[in-house]
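Based on the provided sequences and hints, a complete structural model is requested.
Residue numbers (this note's numbering), protein chains in the order written: chain A, 1 to 166; chain B, 1 to 251.
These are calculated hints, taken from the structure and not from any lab test.
No experiment lies behind these values; they were computed from the predicted model shown.
Wrong hints could be hidden among the right ones.
What the hints assert, rightly or not - Sample of chain A residues lacking proximity to chain B, with all beta carbon distances greater than 10 Å (derived):
#1 Glu-19
#2 Thr-51
#3 Tyr-58
#4 Leu-61
#5 Arg-62
#6 Ser-63
#7 Thr-87
#8 Ala-110
#9 Gly-133
#10 Ser-159
#11 Lys-160
#12 Ser-162
Stated by the list, open to error - Dumping the calculated DMTMM-like pairs for lysine to aspartate or glutamate here, alpha-carbon to alpha-carbon at most 20 Å:
#13 A:Lys-126 - B:Glu-119
#14 B:Lys-53 - B:Asp-15
#15 B:Lys-53 - A:Asp-106
#16 A:Lys-126 - B:Glu-17
#17 B:Lys-53 - A:Glu-156
#18 B:Lys-53 - A:Glu-94
#19 B:Lys-53 - A:Glu-153
#20 A:Lys-126 - B:Asp-19
#21 B:Lys-152 - B:Asp-178
#22 B:Lys-53 - A:Glu-86
#23 A:Lys-152 - B:Asp-136
#24 A:Lys-60 - A:Asp-24
#25 B:Lys-53 - A:Glu-161
#26 B:Lys-152 - B:Asp-141
#27 A:Lys-60 - A:Glu-19
#28 B:Lys-146 - B:Asp-136
#29 A:Lys-160 - A:Glu-89
Glycine included, C-beta positions come from ideal geometry on N, C-alpha and C.
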Amino acid sequence: MLPHMDAAYNLARWLLRNEHDARDSVQEAYLRAFRAFTQFRGNDGRAWLLTIVRNVCYSKLRSSRRIAEVEAFNENEHGIVNESAETAERLRREVSSELLASTLADLPEAMLEIIVLHDLEGMSYKDISSVVGIPLGTVMSRLARSRLRLQKELLERLSKESSHGL
Amino acid sequence: MDCNQIRPLIPAHLDGELDVIRDAEVIAHLDRCPTCADAALAHAANRGLIQEKLPRFTAPLELHTDIRAALQAEAKPTAQRQVLPFLTKTLGLAASVAFGVFVGFTWGNSHSHANHLVEEAVTDHIRSLQANHLTDVTSTDQHTVKPWFAGKVDFSPPVIDLAAAGFPLAGGRLEHLDNQPAVALVFHRRQHAINLYIWPVNTAAVSPRHAERNGYHVEAWSLNGFNFLAVSEIPAVELAQFAETFRTSQH
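Okay, structure coming up:
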């Protein structure tokens with residue numbers, strides 16, 4: 001399980017948004033995983049461990065201020081339009097890693113975690129479905145919508161940045 | 001299927017998550033529908049932005065030390081009583097062994113490793129096209145390309161010209177893939193380039209697979225102590241044909 005520590009820490013660090021809580025949670029998750037290892041019947045240790053990491057992180061989030069925000073996620077949120085390929089390409093060139101990271105950090109956990117699991121950890125839809133506990137079809141639609149939402153926020157922040165610069 | 005049915009499938013198509021049949025339907029639709037094709041390009045660019053620029057956090061060194069210590073402390077006092085009664089009873093494993101099993105458990109890692117390798121190769125392929133740095137040695141003659149690598153890498157990769165099969169050799173260059181030195185052979189197919197990455201099987205042989213990322217196709221295989229990974233934007237069937245031709249010409 002130790003080889004998965006970067007994946008565990010990356011998920012916790014994004015969900016909790018600070019290093020201290022992330023370290024605590026990963027350590028807690030490893031202890032829980034160790035105690036529960038006998039019940040582990042799957043063959044994907046990483047998905048199993050990340051499920052535990054995620055549970056620990058969500059408990060922490062719930063016990064702090066963000067209960068409503070954690071629970072509330074509208075699966076049918078509409079109104080996000082597809083940008084043109086031209087706009088998307090411009091964003092790809094102009095958006096910095098810093099802007100991308102700070103924008104993602106402001107998205108709801110449900111959107112943030114699915115992008116982290118897929119686009120940073122390279123997990124399959126199937127593995128994400130088991131970690132997050134949602135059906136495969138929901139993984140597909142939520143990931144797509146999360147990426148679009150991120151794009152929309154990036155576009156807004158980028159135009160704000162450039163108007164400040166004038 | 002019409003545009004309304006295709007649209008929601010585009011991201012999954014780009015992620016290589018569709019079954020073969022639906023994937024083929026999406027590809028066919030994108031070929032004849034410029035609006036959906038533009039949407040696919042937009043998705044691909046957005047996905048590319050995220051995957052290229054989003055930083056990944058890595059566990060601090062002290063966390064490794066802390067967790068190892070915490071697990072060892074956990075394993076000791078309760079060795080017979082609580083920890084892993086299943087393993088200890090049914091398999092007769094000592095707690096220390098169970099600890100080792102837990103610590104070293106890495107199944108599931110190979111899948112993501114293969115994915116990373118594909119991403120790395122595709123990114124490198126795109127970069128080689130953009131930067132106009134396709135070849136360090138430019139020659140259609142395999143007897144020029146092969147000796148050029150001698151002394152530059154510590155292995156001698158198979159270099160074969162496949163002009164007779166419609167894939168003329170264009171040259172080669174030095175690369176780095178999967179954290180080790182590799183060579184890239186460049187082949188042409190009409191106006192397109194095929195990068196064939198070759199590196200010795202030092203640690204892990206790549207499992208045969210084909211994959212698709214952002215419209216680029218990948219064929220991977222392992223033969224005679226070398227790993228091979230071919231990347232190109234040519235259609236998947238043609239790349240598979242290229243891979244097959246290269247494999248059979250090696251004998």
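Evaluation of the provided hints:
| no. | hint | result |
| --- | --- | --- |
| 1 | Glu-19 | violated (7 Å) |
| 2 | Thr-51 | holds (12 Å) |
| 3 | Tyr-58 | holds (18 Å) |
| 4 | Leu-61 | holds (17 Å) |
| 5 | Arg-62 | holds (22 Å) |
| 6 | Ser-63 | holds (21 Å) |
| 7 | Thr-87 | violated (7 Å) |
| 8 | Ala-110 | holds (16 Å) |
| 9 | Gly-133 | holds (18 Å) |
| 10 | Ser-159 | holds (16 Å) |
| 11 | Lys-160 | holds (18 Å) |
| 12 | Ser-162 | holds (17 Å) |
| 13 | A:Lys-126 - B:Glu-119 | holds (19 Å) |
| 14 | B:Lys-53 - B:Asp-15 | holds (17 Å) |
| 15 | B:Lys-53 - A:Asp-106 | holds (17 Å) |
| 16 | A:Lys-126 - B:Glu-17 | holds (9 Å) |
| 17 | B:Lys-53 - A:Glu-156 | holds (18 Å) |
| 18 | B:Lys-53 - A:Glu-94 | holds (11 Å) |
| 19 | B:Lys-53 - A:Glu-153 | holds (16 Å) |
| 20 | A:Lys-126 - B:Asp-19 | holds (13 Å) |
| 21 | B:Lys-152 - B:Asp-178 | holds (18 Å) |
| 22 | B:Lys-53 - A:Glu-86 | holds (18 Å) |
| 23 | A:Lys-152 - B:Asp-136 | violated (41 Å) |
| 24 | A:Lys-60 - A:Asp-24 | holds (10 Å) |
| 25 | B:Lys-53 - A:Glu-161 | holds (18 Å) |
| 26 | B:Lys-152 - B:Asp-141 | holds (18 Å) |
| 27 | A:Lys-60 - A:Glu-19 | holds (14 Å) |
| 28 | B:Lys-146 - B:Asp-136 | holds (12 Å) |
| 29 | A:Lys-160 - A:Glu-89 | holds (18 Å) |
Consistency with the previously given hints fails for numbers 1, 7, 23, ordered from lowest to highest.
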